[in-house]
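Take these sequences, add in the hints, and give me the full structure.
These protein sequence lines are chains A and B, in that order. Taking my numbering, the leading residue of the first sequence gets 1355, the next gets one more, and so forth. Taking my numbering, the leading residue of the second sequence gets 241, the next gets one more, and so forth.
Hints in this document: simulated from the structure, not taken from any laboratory. For clarity, every value in this text was computed on a predicted model and none was experimentally measured. Hints are not guaranteed to be accurate.
Quick partial rundown of chain B residues pointing at chain A, CB under 8 Å, derived from the structure [stated by the list, open to error]:
no., residue
1, Val280
2, Asn334
3, Pro343
4, Arg344
5, Val351
6, Pro408
7, Leu431
For each residue, glycine too, the CB sits at the ideal point set by N, CA and C.
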Amino acid sequence: MSYVEVDEPRKRVLFMGNEAIARGALEAGVSFCSGYPGNPASEILETLAKAAKKFNLHVEWSVNEIVALEVAGAAAAAGLRALTAMKNLGADVCADFLMTVNLSGTKGGFVLVTGDDPSAHSTTTELDTRNYARLADIPLLEPATTQEAKDMTRFAFELSEELGVICMVRTVTRLSHSRGVVTLGSLPREKRVAGFSSQDMWTSGSSAIACMFHSVLHEKMRRAQEKFEESNFNQYVGKEDGDFLIITSGTGWLYSLEAVKLLGFQDRVGILKLGTTWPLPEKLVASHLKHAKDVLFVEEIDPFLEQNVKMLAAELIAEGIGPIRFYGKKSNHLRSEFGAGTGEIDSDTVIKALAEIKKLDYFPREKEYSEKASKAVGSYVPARSMGLCAGCPHRASFWAIKKALQWDGRNGIVAADIGCYSLGLLPTGFSVEKTLHCMGAGIGTANGFGNLIRFGLDKPVIAVSGDSTFYHACIPALINAKWNGANILYIVLDNNTTAMTGHQPHPGSGVNALGNASQKILIEDICKGIGIEARVQDPFKLEEAVQNLYEMLQTEGMKVMIFRHECPLTEARKREKRPRVYVDQDKCIGDECGCVRFCTRVFRCPGNIWDYTKKKAKIDEAVCIGCELCADLCPVRAIVVEEVA
Amino acid sequence: MKMKEDPLNIIITGVGGQGNIQASFIIASTAVQNGLFVSVGETYGASQRGGVVMSHIRLSEETQYGPLIPKGKAHVILGFEPVESLRTIGDFGNKETKAIVNPRPVYPIDVLSGEATYPATNEVLKAIKDLVYSVHVVEATELAKEAGDTLMQNIVMVGCLVASGFTPLKVETVRGVIKEIFAGKNPEANLKAFELGTKEMRRIKPL
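Take a look at the structure:
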């Protein structure tokens, strides 16, 4: 059930932040949408893909983020309204194009949405993409509520089109993946036509031309700043001319309001909430700094507002404003459990900062209660680590890698990549992986590790990536390895989907973002084109898989193994019945067996559980998906597979 | 409808795959139909892979609140799993918190592998009782099985929450939302699970 397509202005609906962004784009009359899957931004494109038919949109999952930004940029240059959505690290991937398309400009509204992930819930770093807006000198909007997520996205298109420059909307996990009430606006009736005439030029130029465009960009930003001074997305609440000021943006706004309320500081603290954060609306900020003696900055990840406002404050000294005492990340007042400038903020973070500054004690609960609660949690609550799903083929692949490396005996290095299989660093993947950075860095760094023999590092080198990651970022490094003679065994874990981000298709899936059939671009064909033979193997045929890997580890050069088995979560959706797997508890020897609870202790599939009353192994039939792998590994063959008629 | 607590803070806690997000969606959608301001904060993404999943639901007649409930400020905790209920109470519970708990354990991989131990369920429930105003224990997985599928324990628990009177939500409105959400996907079984939850909640006494 989705209200994203409903044409009922003023209707109040419940939206996830990402749905609100998609709705904002539809209300702005977007025609062309692109992106690459990644939490917390994936649902933006997914929502638009569902609406594609009704609204006659082009929606594509592009092969990676720079291609996504380029295709959308072209549509916008041809006069359409175009949106590209990606997670924080996607901004790194598309940065090259961003740093030139800011100069070349746009005809139609062109909006880049980036989803930051404070606390790195599902990312390998806490990149703050607002810095890219400052670096590229493009307008930046930071929605604070689900309503603003919709309204600001719509406004970003209008602003981009009016100024002729790409605009950025920055969301964070707590907005993208939260739900809130949104009042719908109207949907446009106008249909646009794309055009690129023989007089049109679309380039950042170089030398004098590039400098000229750079100067034009600065002029565009001056105009953006003028508009931001008057924007309704910025607001002030609290005491008129207050001397204690909170300056905040994004999720910090609602957290600050609640913190001030819980501390009863409504009459003592003013809150300036900025929705337009680059370029900074300097006159607006200065009008509040004029009265301020103390300023606390409340924002996610980097001290972005903090630095920009402090620069402004330095200029204002000459006008008699200040001195002002600043609090925030630099002063270490706004800090999460990990420290300042890292980890998510929340109302408690703001309460703690305010209480420290105002030298107050604040306890959400009586001390005695808190002690009792943490004691109970400490005594009873076990850790709950992440693990691969029941029936995940990666579990079989990691087992095969572990075995092959054991047989080989040279302590080979496994360089990993970004996806579900990043969990191979953890015990759930038998901790076989030893390096992890960004998309494509597995095979990239393996190019280095695999060329160190003459410097004394004589070990087999394995690179691991998933299928979607293969297309996204691994092909140049694969060519490089062949060209520069690295010794690598590259294992592609091909489960026919982009699983980690919610099962989006990729170039090998045979369908596109809209679910329409497309030609499968096979990994083995690409390898063959580079002159590398790739073996294809089902990892669930475990003995064969180990044997194959071992053989490949004994040869030199660039080799590719494709472990191909569909993700059980997508497979289960298609399957009508699954085999029943259970433990024959007469055969299972329990703790007396020399296997030391192999199925639960070593194999660690959530479908394998322990029957604490009978002290024997058991299968959780609600969780087991019937992959049968544990049945092959049980030393006494106590795990039974029963085909269901 | 005047809410006694504003905002009313509800937390649904459990593990990946238990249907937290669906349950919070039903509750939040009902509240929107009642004209309330609603915020739902959810943690998922990587936590889908067997980790802790928690939904914060905040209802208000006055204004939109942030998606995260401050520490110690939960009014109601709907626990799909016993130790996860205790973990959540440890951070967000207080003496006035009301808990509704499904006592069926979902063993963490750390327990199955022998690196951690899982406590006896009655001890966990006792620890919960010591920390909150009231705790209702509902065999939601068993009731869901009765309705046709153990996976519907989340809907049974929603039934319990609505029948508890801890929220301003009405049974009839929730039934309408369930019909709408599960249109074409076996609404009858889900309505039955919901019904069983409401009946059970009216039948049982707190611990």
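Here is how each hint holds up against the structure:
1. Val280: holds, 4 Å
2. Asn334: holds, 5 Å
3. Pro343: Since chain A brings no Cβ nearer than about 13 Å to B/Pro343, farther than 8 Å, the hint is violated.
4. Arg344: violated, 10 Å
5. Val351: With a minimum Cβ separation of about 5 Å from chain A (threshold 8 Å), the hint on B/Val351 holds.
6. Pro408: violated, 16 Å
7. Leu431: violated, 16 Å
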